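Chemist: Chain residues, written in single-letter form:
Number of protein chains: 4
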Amino acid sequence: MEEESGLWIEEMVLDRDIAVFEAGIKLGALYHQFIGTPVSTATAEELGTAIEKSVSLQPWVSSVEVEIDREKVRENENEFRYCELRGEMLDVNVVVLYEEVEVHARVRYEEDMGYPLMRVEKVLTK
Amino acid sequence: MEEESGLWIEEMVLDRDIAVFEAGIKLGALYHQFIGTPVSTATAEELGTAIEKSVSLQPWVSSVEVEIDREKVRENENEFRYCELRGEMLDVNVVVLYEEVEVHARVRYEEDMGYPLMRVEKVLTK
Amino acid sequence: MEEESGLWIEEMVLDRDIAVFEAGIKLGALYHQFIGTPVSTATAEELGTAIEKSVSLQPWVSSVEVEIDREKVRENENEFRYCELRGEMLDVNVVVLYEEVEVHARVRYEEDMGYPLMRVEKVLTK
Amino acid sequence: MEEESGLWIEEMVLDRDIAVFEAGIKLGALYHQFIGTPVSTATAEELGTAIEKSVSLQPWVSSVEVEIDREKVRENENEFRYCELRGEMLDVNVVVLYEEVEVHARVRYEEDMGYPLMRVEKVLTK
Numbered sequence: 003m004e005e006e007s008g009l010w011i012e013e014m015v016l017d018r019d020i021a022v023f024e025a026g027i028k029l030g031a032l033y034h035q036f037i038g039t040p041v042s043t044a045t046a047e048e049l050g051t052a053i054e055k056s057v058s059l060q061p062w063v064s065s066v067e068v069e070i071d072r073e074k075v076r077e078n079e080n081e082f083r084y085c086e087l088r089g090e091m092l093d094v095n096v097v098v099l100y101e102e103v104e105v106h107a108r109v110r111y112e113e114d115m116g117y118p119l120m121r122v123e124k125v126l127t128k
Numbered sequence: 003m004e005e006e007s008g009l010w011i012e013e014m015v016l017d018r019d020i021a022v023f024e025a026g027i028k029l030g031a032l033y034h035q036f037i038g039t040p041v042s043t044a045t046a047e048e049l050g051t052a053i054e055k056s057v058s059l060q061p062w063v064s065s066v067e068v069e070i071d072r073e074k075v076r077e078n079e080n081e082f083r084y085c086e087l088r089g090e091m092l093d094v095n096v097v098v099l100y101e102e103v104e105v106h107a108r109v110r111y112e113e114d115m116g117y118p119l120m121r122v123e124k125v126l127t128k
Numbered sequence: 003m004e005e006e007s008g009l010w011i012e013e014m015v016l017d018r019d020i021a022v023f024e025a026g027i028k029l030g031a032l033y034h035q036f037i038g039t040p041v042s043t044a045t046a047e048e049l050g051t052a053i054e055k056s057v058s059l060q061p062w063v064s065s066v067e068v069e070i071d072r073e074k075v076r077e078n079e080n081e082f083r084y085c086e087l088r089g090e091m092l093d094v095n096v097v098v099l100y101e102e103v104e105v106h107a108r109v110r111y112e113e114d115m116g117y118p119l120m121r122v123e124k125v126l127t128k
Numbered sequence: 003m004e005e006e007s008g009l010w011i012e013e014m015v016l017d018r019d020i021a022v023f024e025a026g027i028k029l030g031a032l033y034h035q036f037i038g039t040p041v042s043t044a045t046a047e048e049l050g051t052a053i054e055k056s057v058s059l060q061p062w063v064s065s066v067e068v069e070i071d072r073e074k075v076r077e078n079e080n081e082f083r084y085c086e087l088r089g090e091m092l093d094v095n096v097v098v099l100y101e102e103v104e105v106h107a108r109v110r111y112e113e114d115m116g117y118p119l120m121r122v123e124k125v126l127t128k
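Chains as they are written, first to last, in my numbering: chain P, 3 to 128; chain Y, 3 to 128; chain Z, 3 to 128; chain L, 3 to 128.
Because the hints were derived from the structure by calculation, they are not lab data. Computed from a predicted model, the values in this text were never measured in an experiment. The reader is advised that the hints may include incorrect statements.
Since the list can't tell identical chains apart, any single copy or any two copies may satisfy a pair.
[Unchecked claim] Straight line, CA to CA, 16 Å or less: simulated EDC-like cross-link-like pairs of lysine to aspartate or glutamate:
no. : residue 1 : residue 2
1   : K55       : E102
2   : K74       : E112
3   : K128      : E13
4   : K55       : E67
5   : K55       : D114
6   : K124      : E90
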């Protein structure tokens with residue numbers, strides 16, 4: 003396709019590419035693993051910690067912080083006083099370190115866009 | 003189909019049916035929610051607790067115990083020293099109480115069958 | 003606990019219990035497996051069919067119908083014209099046949115309750 | 003930490019970073035969304051297509067190919083003739099195009115490593 007047109011140049015895959023790619027994997031994975039989990043204001047913090055521990059195990063993760071918005075959990079609680087974890091309740095920061103590149107990535111619900119935006123916040127190199 | 007044959011009789015839905023049905027929901031739900039979660043021998047216990055808390059929130063659950071087999075986790079750990087939670091690592095007991103019926107249900111991997119069997123272990127009534 | 007009070011009687015586990023339990027498993031499982039899947043009005047029908055095929059494979063399922071509400075999908079579509087599958091978009095009917103008991107179960111979002119209610123709709127025996 | 007040492011330099015986030023990051027998100031997401039889904043040799047192709055359709059909806063995906071290894075599905079089928087989708091059955095290629103950067107990424111089980119490796123296979127620029 004495009005490659006055939008001769009206009010595309012194949013680049014070396016850099017450590018930086020791998021660092022950023024790994025950060026994307028972590029956010030995509032945790033989001034689809036944990037969305038739907040039953041949660042309440044009483045269990046939100048503990049669930050957040052369990053997600054952090056789980057993400058921390060994965061390759062090249064140097065830190066992860068998961069915030070579950072208890073106010074939004076409360077608003078969504080049903081008559082049994084729990085709800086499902088949804089994107090709009092999550093704010094996750096992941097730091098990936100691969101060789102000499104550090105990537106800070108985040109997923110947070112953007113009210114005006116109506117969906118959880120995943121983005122690269124910082125790329126640091128030595 | 004069968005209904006048309008005139009041989010099938012529609013029964014009242016009993017409290018007992020609801021109790022057993024709810025137990026099935028809990029096992030099906032937790033299995034498909036948490037399978038695939040990154041886990042290690044170091045985080046197995048805490049992940050088990052998080053699953054227990056999550057299941058406990060759901061209607062009519064009176065108790066839940068989650069055992070994650072650390073030996074199997076260890077055997078499956080990759081070079082990064084974690085693996086994905088799989089059915090063969092899980093042993094979960096759930097007790098549901100609905101009106102005057104208590105149901106004990108369990109999911110545990112059956113080695114000889116090669117899959118995680120979910121079953122009703124006890125039905126108690128007053 | 004209750005068992006110790008001497009007031010609880012342990013019952014035989016009946017085919018009917020197993021039939022109803024299996025119906026619960028199917029609904030709990032499919033819900034937590036597929037919630038969060040990217041979907042659009044264009045792919046809703048095909049995703050519904052894939053879910054049906056997947057549930058049909060499981061033991062004792064004699065039929066399953068999955069409706070994904072395209073109107074609700076449309077309302078939730080973001081700027082990229084898709085959304086995540088959510089409980090409020092689903093209406094699923096499962097029929098389980100175990101020995102001589104047939105159970106019809108359903109999960110559908112109840113607007114006034116604000117959550118997807120799973121229930122036993124019919125129990126038929128010979 | 004590292005930032006404080008004065009040795010790390012914050013870089014601009016490039017289109018290339020975003021392209022590679024988005025490719026990572028897609029692989030992480032699909033893996034954790036669909037692992038655990040009941041599948042058989044008869045439904046493997048259709049499930050693969052449903053996953054492709056679902057991934058294709060997401061931002062910047064220009065193509066996706068999902069192969070589910072029917073031989074491995076067959077080997078894992080239980081007495082009911084189905085199994086759960088597992089990492090070792092999957093081979094997925096995703097192409098992301100963001101501005102003038104095209105990224106080819108893949109997840110495939112590496113037998114010798116014992117886990118599904120996600121990697122950037124190509125980065126193309128204009």
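Chemist: Next step is simple, just say for each hint if it's right about the structure.
Modeler: How the hints compare with the structure:
{"no.": "1", "hint": "K55 to E102", "result": "neither (24 Å within a copy, 37 Å between copies)"}
{"no.": "2", "hint": "K74 to E112", "result": "within (14 Å within a copy, 20 Å between copies)"}
{"no.": "3", "hint": "K128 to E13", "result": "between (21 Å within a copy, 10 Å between copies)"}
{"no.": "4", "hint": "K55 to E67", "result": "within (10 Å within a copy, 20 Å between copies)"}
{"no.": "5", "hint": "K55 to D114", "result": "neither (31 Å within a copy, 26 Å between copies)"}
{"no.": "6", "hint": "K124 to E90", "result": "neither (22 Å within a copy, 33 Å between copies)"}
Of the numbered hints listed earlier, those contradicted by the structure are 1, 5, 6.
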